[in-house]
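Asker: Quick note, the sequences are listed as chains S and A, same order.
Counting from 1, one number per residue, gives the positions in the first sequence under this note's numbering.
Counting from 1, one number per residue, gives the positions in the second sequence under this note's numbering.
Just so you know, these hints were derived from the structure itself, not from any lab.
A couple of the hints might just be wrong.
For chains that are exact copies, the list does not tell them apart, and a pair is met inside one copy or across any two.
For lysine-lysine, the following DSSO-like pairs were computed, each having C-alpha atoms within a straight-line distance of at most 30 Å [what the hints assert, rightly or not]:
#1 K92 <-> K347
#2 K13 <-> K92
#3 K225 <-> K13
#4 K13 <-> K90
Protein chains: 2
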Amino acid sequence: MAINFANRMNNIKGSAIRELLKLTEEPDIISFAGGLPAPELFPLKELEEVSKRVLREEGQAALQYSTTEGYLPLREKIAQRMSKVKVDCKAKDIIVTSGSQQGLEFSGRVFVNEGDVIICESPSYLGALNAFKAYLPKFVEISMDEDGMIMEELEKALEQNPNAKFIYTIPDFQNPTGRTMSLERRKKLLELAYKYNIPVVEDNPYGELRFEGEILPALKSMDTKGLVIYLGTFSKTFCPGMRIGWVVASPEILSKYVVVKQGADLQCSTIAQREINRFLEMYDLDAHIANIIKVYRKRRDLMLETMEKEFPEGVTFTRPQGGLFTWVTFPAHLDAAEIMQKSIQEKVAFVPGQSFFPGEQFKNHGRFNYSNMPEDKIVEGIKRLAKVLKSL
Amino acid sequence: MAINFANRMNNIKGSAIRELLKLTEEPDIISFAGGLPAPELFPLKELEEVSKRVLREEGQAALQYSTTEGYLPLREKIAQRMSKVKVDCKAKDIIVTSGSQQGLEFSGRVFVNEGDVIICESPSYLGALNAFKAYLPKFVEISMDEDGMIMEELEKALEQNPNAKFIYTIPDFQNPTGRTMSLERRKKLLELAYKYNIPVVEDNPYGELRFEGEILPALKSMDTKGLVIYLGTFSKTFCPGMRIGWVVASPEILSKYVVVKQGADLQCSTIAQREINRFLEMYDLDAHIANIIKVYRKRRDLMLETMEKEFPEGVTFTRPQGGLFTWVTFPAHLDAAEIMQKSIQEKVAFVPGQSFFPGEQFKNHGRFNYSNMPEDKIVEGIKRLAKVLKSL
Numbered sequence: 001m002a003i004n005f006a007n008r009m010n011n012i013k014g015s016a017i018r019e020l021l022k023l024t025e026e027p028d029i030i031s032f033a034g035g036l037p038a039p040e041l042f043p044l045k046e047l048e049e050v051s052k053r054v055l056r057e058e059g060q061a062a063l064q065y066s067t068t069e070g071y072l073p074l075r076e077k078i079a080q081r082m083s084k085v086k087v088d089c090k091a092k093d094i095i096v097t098s099g100s101q102q103g104l105e106f107s108g109r110v111f112v113n114e115g116d117v118i119i120c121e122s123p124s125y126l127g128a129l130n131a132f133k134a135y136l137p138k139f140v141e142i143s144m145d146e147d148g149m150i151m152e153e154l155e156k157a158l159e160q161n162p163n164a165k166f167i168y169t170i171p172d173f174q175n176p177t178g179r180t181m182s183l184e185r186r187k188k189l190l191e192l193a194y195k196y197n198i199p200v201v202e203d204n205p206y207g208e209l210r211f212e213g214e215i216l217p218a219l220k221s222m223d224t225k226g227l228v229i230y231l232g233t234f235s236k237t238f239c240p241g242m243r244i245g246w247v248v249a250s251p252e253i254l255s256k257y258v259v260v261k262q263g264a265d266l267q268c269s270t271i272a273q274r275e276i277n278r279f280l281e282m283y284d285l286d287a288h289i290a291n292i293i294k295v296y297r298k299r300r301d302l303m304l305e306t307m308e309k310e311f312p313e314g315v316t317f318t319r320p321q322g323g324l325f326t327w328v329t330f331p332a333h334l335d336a337a338e339i340m341q342k343s344i345q346e347k348v349a350f351v352p353g354q355s356f357f358p359g360e361q362f363k364n365h366g367r368f369n370y371s372n373m374p375e376d377k378i379v380e381g382i383k384r385l386a387k388v389l390k391s392l
Numbered sequence: 001m002a003i004n005f006a007n008r009m010n011n012i013k014g015s016a017i018r019e020l021l022k023l024t025e026e027p028d029i030i031s032f033a034g035g036l037p038a039p040e041l042f043p044l045k046e047l048e049e050v051s052k053r054v055l056r057e058e059g060q061a062a063l064q065y066s067t068t069e070g071y072l073p074l075r076e077k078i079a080q081r082m083s084k085v086k087v088d089c090k091a092k093d094i095i096v097t098s099g100s101q102q103g104l105e106f107s108g109r110v111f112v113n114e115g116d117v118i119i120c121e122s123p124s125y126l127g128a129l130n131a132f133k134a135y136l137p138k139f140v141e142i143s144m145d146e147d148g149m150i151m152e153e154l155e156k157a158l159e160q161n162p163n164a165k166f167i168y169t170i171p172d173f174q175n176p177t178g179r180t181m182s183l184e185r186r187k188k189l190l191e192l193a194y195k196y197n198i199p200v201v202e203d204n205p206y207g208e209l210r211f212e213g214e215i216l217p218a219l220k221s222m223d224t225k226g227l228v229i230y231l232g233t234f235s236k237t238f239c240p241g242m243r244i245g246w247v248v249a250s251p252e253i254l255s256k257y258v259v260v261k262q263g264a265d266l267q268c269s270t271i272a273q274r275e276i277n278r279f280l281e282m283y284d285l286d287a288h289i290a291n292i293i294k295v296y297r298k299r300r301d302l303m304l305e306t307m308e309k310e311f312p313e314g315v316t317f318t319r320p321q322g323g324l325f326t327w328v329t330f331p332a333h334l335d336a337a338e339i340m341q342k343s344i345q346e347k348v349a350f351v352p353g354q355s356f357f358p359g360e361q362f363k364n365h366g367r368f369n370y371s372n373m374p375e376d377k378i379v380e381g382i383k384r385l386a387k388v389l390k391s392l
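Whole structure, please, built from the sequences with the hints as guidance.
Answerer: Next up, the structure:
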């Protein structure tokens, strides 16, 4: 007899990216598919020292249960670090989550009834879309240009969808497009959020990885009405393997995330929180980030230069000022999934853009990651892909 | 203007236990309230060695993203360890979760539509009830005796509730009662599950901590139809601070947990999984567990002896053969919450039983943990409580 699952299970499938990651684990694949940081930059020696000290000096507490909100000294340090994106907050405004992914999933759970609308960028991060889908929402997508969401479209969407529950945005070096929302648009977005009394989920995993220009103030930094929920993470600035991120929100909203966290998994890893806290005490994370930026900037330059030189006419791509991804647009008659099938035969992988669109799945795009591959492989991989493109 | 949360948020509140834990963090409190293992038994030196080796020998992989299902060598070792509860399974049957709490929450998400029925023991683990509540179920409670759920009641509940989605049970040293389901009842429960084609969520965080007698076979070990979902954890046998548990289920069911895990937080901590894997390679977890059992058995003995000696007539308690808790029943006219208020003035804490009942909240019970306090504090704490009880 068939097993009777919840209706929501019909709505969620495995992420195409995660399935791809499995394919691309073979060591001879040049993969631009994942969103992986460069592992050769992980501070292994420092972590060894940190881990030793935590176990020796606070080992019993580090392996025990702890509070749902997270380790207080870490939350204090996160609050201080929020000044980088101009947010003025305190430990009490923060809950530690299992990466920013958990903050996304919680946002769905806290706000969305079946049939409610989530407003998002088009395209948008597919891991967020998948997390939200468990709550059976409708997505209303807002087109973007080089300055982010187009505000006229956003206002129309807000007018037409009084049951919209939140606006989901990645203002800095968006996943998958690499685009950054301009300051003017940020202000306008907040103005609209206030007008329509709608929360904003601001997802900022890459904001500190800016290669040039000034860091723009987070939406949260300009939020005078407590409607912005800010999601941060150490995954891209430190390491993803520890699964430590955070949510900053106003007290009423944050208290909902806390009860949801209790039910979800009680708390994040106590020892991971204490290790990151020690690292922040003992070492200079900003110097570490400066080093990551140097490496990624070079890789981005190399990827864009090689695309410029090698890709056939009619293929365009974005020029991200930071983060991990560029978004490639192929000629309209090509299907990125078919390109990927051919390129994987040449041992080169990327993510076909289809799955980043919750509605009409535009087929002629691809997301390319430049943070994870060394320079020679970036050049070689783009060259191979250029050959595939020329053959089509 | 008010913020418009999802309806489910009206149904979930903070766990009374987690709130209590905050109160009981003051060092002079003798706390029988939490479900905390004894921190002085955590293998700190071994972990220091393990952590060093993992960072030196596989550091880059240990800090990177990995697969949603979990680290394969760890899943292989978990599969082997499942033979302790007589379950024959392979790595492919297992997904690693953030403690067994996450497996509970996923069970709600995978199976429950609003208004569906969850059948559970009365009383039951309140962390599970809270996790399930996010999916707006109805609970149907089954009374217990010393051998666990009463099967005649269970059959009646299954007959009367065709929209029941799963049976939730903790067969070994149940939380909060400390009771163990007899072998005969286990067989009957499975027979009923097959007859009514209903999945069974078997939550077994304490099964390996048996102080006397034989480990009973898990429900999962006798499950020929793939209807049992087994939840395990390292929280009580190793440490809770790393948040590593697991789910064992048949392929169709497990695949649902995997997509849910992707959306929830992508994966568990890579480094925690690799550290536990290394620990299992380098050290003898069974010897470590034997040591935990020795200590907890003595603490249980001491708590029960002292209760026997000091508590006034009319107070009864269960005699668990393992695990972390005994369940105290006060005279019917007393309210455990009021007893707790008085006992906290005497610096002794326990959990009033009310919140372990999803329906009618019987007031004259309390859950007492004996694993976390040293022997002298157990004696002192029970004596102080006895005084409070005598004064009422």
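Asker: Run every hint past the structure and note whether it holds.
Answerer: Hint-by-hint comparison with the structure:
no. : hint         : in the structure
1   : K92 <-> K347 : between (48 Å within a copy, 27 Å between copies)
2   : K13 <-> K92  : between (36 Å within a copy, 19 Å between copies)
3   : K225 <-> K13 : between (36 Å within a copy, 25 Å between copies)
4   : K13 <-> K90  : between (37 Å within a copy, 24 Å between copies)
In summary, this structure violates none of the numbered hints.
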